[in-house]
Every structure is written in C-alpha cells, then in structure tokens.
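So the sequence lines, in the order shown, correspond to chains A and B. For what it's worth, numbering that gives the first Met the number 0 labels the leading residue of the first sequence as 0, then goes sequentially. For what it's worth, numbering that gives the first Met the number 0 labels the leading residue of the second sequence as 0, then goes sequentially.
Read the hints as simulated data drawn from the structure, not as lab findings. Among these hints, one or two may not hold up.
[To be verified] Mimicking SDA-like on lysine to any residue, the simulated pairs with C-alpha atoms at most 20 Å apart in a straight line are:
# : chain 1 : residue 1 : chain 2 : residue 2
1 : B       : K111      : A       : E24
2 : B       : K91       : A       : E24
3 : B       : K1        : B       : V75
4 : B       : K111      : A       : S28
5 : B       : K91       : A       : R128
6 : B       : K111      : B       : E58
7 : B       : K91       : A       : S28
[As the list claims (entries may be wrong)] Over 10 Å on every C-beta distance to chain B, these chain A residues come out as not near it, computed from the model:
#  : residue
8  : T6
9  : D14
10 : P40
11 : S67
12 : P83
13 : D94
14 : N101
15 : G104
16 : G105
17 : K108
18 : A125
19 : R130
[To be verified] Short derived list, chain B residues pointing at chain A, Cβ under 10 Å:
#  : residue
20 : Q13
21 : I14
22 : D48
23 : P57
24 : A70
25 : S71
26 : S82
27 : A102
Idealized CB from N, CA, C, for every residue including glycine.
One letter stands for each residue in the lines below.
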Amino acid sequence: MTTAQRTQPISTLLDPATVQSIADEVWPSLVGDGEAFVPVPVAPPGEVVSAWVDIVGPWTGSVVLTCSPATARALTENVLMTRPPVVVDDEDVADALGELANVLGGNIKSVLPGESRLGLPRTGTAPPRGRLDDVCALAGQWRGDFLTITVQGTAPHPSGTEVPQ
Amino acid sequence: MKILVTDDSRVMRQIVIRTLRQAGYDDHDIIQAENGREALEMVGSEHPDLVLSDWNMPEMSGIECLEALRASGSQVPFGFVTSEGSPEMRAKAANAGAIFLIAKPFNEDTFKDALDGVIA
Chain A
0 MTTAQRTQPI STLLDPATVQ SIADEVWPSL VGDGEAFVPV PVAPPGEVVS AWVDIVGPWT
60 GSVVLTCSPA TARALTENVL MTRPPVVVDD EDVADALGEL ANVLGGNIKS VLPGESRLGL
120 PRTGTAPPRG RLDDVCALAG QWRGDFLTIT VQGTAPHPSG TEVPQ
Chain B
0 MKILVTDDSR VMRQIVIRTL RQAGYDDHDI IQAENGREAL EMVGSEHPDL VLSDWNMPEM
60 SGIECLEALR ASGSQVPFGF VTSEGSPEMR AKAANAGAIF LIAKPFNEDT FKDALDGVIA
C-alpha cells in the first residue's frame, strides 16, 4: 500500500472556506489595503503561470497559485508598491508570486493535522495533480482577473510510489 | 540600533523593512542577509542589535542559524518572521532562544506587539 493510499485526501482535511479565510488575511497584508481574492470564478486566460510550495508530512502535496502572466505582474507591482516609471522584472514577479504561495502554504500547513515540512517556493508550470479527490481548489479572481488557489496531492510516480521530494 | 533582516526573498525583505517603518521603527540601520549562513556571518562582522529572520531558507535555515549563534555564545536578540506559526514551531523557536515569532501575514500592529520593548 502506498503512502497516497494510506493518507486521507485533502478534501477530508481542508475545505475551501478555510482556504478563503487564509486568503482573506494574506491579500490585505501582502497585496495591499482593501485588496481581496474573490471566490467567483472567471474564464481562464490562454496562458497561465503558477507558483507553489510543497507540503511533506502526513498529507503530502502542493499549494499552487495560478494566474495569467499579466496578473502575476500586477500582483507584484502591488506587493512591492511600485509606481511608474519603476517597473518590476521577471525575478521580482517570480519572487512575489512565490512568496504569496509560500505564505498561503505556510498557513494551510498550520491547519493540517500532524507535523509537516514546507518546501521552498517555486514558479513555472504547476506540478501534476494526484488523485481526483485529493484536491481542494478555490477558483476565483483578483480585480476581475482569473486566479486560482489549489491544494493538491502529489501525483503518484509511474512505478506506484510517491514522487521523491 | 542596527537590525539584520534575513529572508531569501528580496520581496519579503522589502515588505519586512516597509512594515518596520510603518510600525514607527524608521530611524534604525537596516542590514540584510539572504539566508541563515549569511546572517550568521553578518552577526559576527556587523554586530546587529536584533535579528529578524525567516525560518525556511536555502543554505541554512533560520532555526539552524539561531542554534549556531547560541552554540557560538552569541546572545543577539533573535525573532522569526515566518509563514509558519504553528504551536510546534513557536515552541521550537522559543526553546532555541528566539524572543518572538511573527507569523506571515502580518501588519504594523503585529510588529508593534512583538517588537515594543525589544527595539529601543
């Protein structure tokens, strides 16, 4: 029996309302006063970028933030409070999006049972999802633009074991 | 007063420094380190009066840095600013000699609560 079969899926450990309450604290603090992640889905953009952190413990998976590259840039400008003519570069965008995922991930880790370890934030194409029921996804928007927060189990390795962390 | 802000994220270092200013601690020297190892070296070379450190960093984590500082005899005041604020981590931080743990997300009031009495 693999670890993925033994452990409870995230859908039994975490509900979207808890993720939303964490986002409700993170957005005003990091993105700015009066800013909010609104859990009303909008159509996904053609191109997306993700930032995520891994959680390894009794439950193992990732907390993934996904939005369009333009939204990622706008989020970064807000986080850094930049004003024209100052522009943010790609490194800033990866850093800011990664920190948003990191803070969301750290808080989500805190409400999961048992002791877990949090990885360092990464950005790029989101890791593949695991079991269908091992996902807690919050589809929504920021300032009307597509943004999702997904807490997803690790995809099983083709050999049947977990992907090494 | 000299404050060493340690975080592998440049963005988060900027946010911590901005929040220090918003909390009224705006007339202090701020120096920065990118990980625990760099912070450990800078405590020796720069002699900060306070270290504010992330927990989870490459090279050397914040808790490893604190343990190395205490093992070397340094008693520099040390507080965590981290995305993880579980009771277990707070206990681990306190046992290692941290004087506070500020969990992200934070605001200027969180900083004031933790730092009043620590920063002159």
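For each hint, the structure was consulted:
| no. | hint | verdict |
| --- | --- | --- |
| 1 | B:K111 with A:E24 | holds (18 Å) |
| 2 | B:K91 with A:E24 | violated (25 Å) |
| 3 | B:K1 with B:V75 | holds (11 Å) |
| 4 | B:K111 with A:S28 | holds (15 Å) |
| 5 | B:K91 with A:R128 | violated (32 Å) |
| 6 | B:K111 with B:E58 | violated (30 Å) |
| 7 | B:K91 with A:S28 | violated (26 Å) |
| 8 | T6 | holds (19 Å) |
| 9 | D14 | holds (19 Å) |
| 10 | P40 | holds (24 Å) |
| 11 | S67 | holds (19 Å) |
| 12 | P83 | holds (18 Å) |
| 13 | D94 | violated (4 Å) |
| 14 | N101 | violated (5 Å) |
| 15 | G104 | violated (7 Å) |
| 16 | G105 | violated (3 Å) |
| 17 | K108 | violated (6 Å) |
| 18 | A125 | holds (19 Å) |
| 19 | R130 | holds (26 Å) |
| 20 | Q13 | holds (6 Å) |
| 21 | I14 | holds (7 Å) |
| 22 | D48 | violated (26 Å) |
| 23 | P57 | holds (6 Å) |
| 24 | A70 | violated (23 Å) |
| 25 | S71 | violated (26 Å) |
| 26 | S82 | holds (3 Å) |
| 27 | A102 | holds (8 Å) |
Hints 2, 5, 6, 7, 13, 14, 15, 16, 17, 22, 24, 25 from the list above are not met by this structure, while the remaining hints are.
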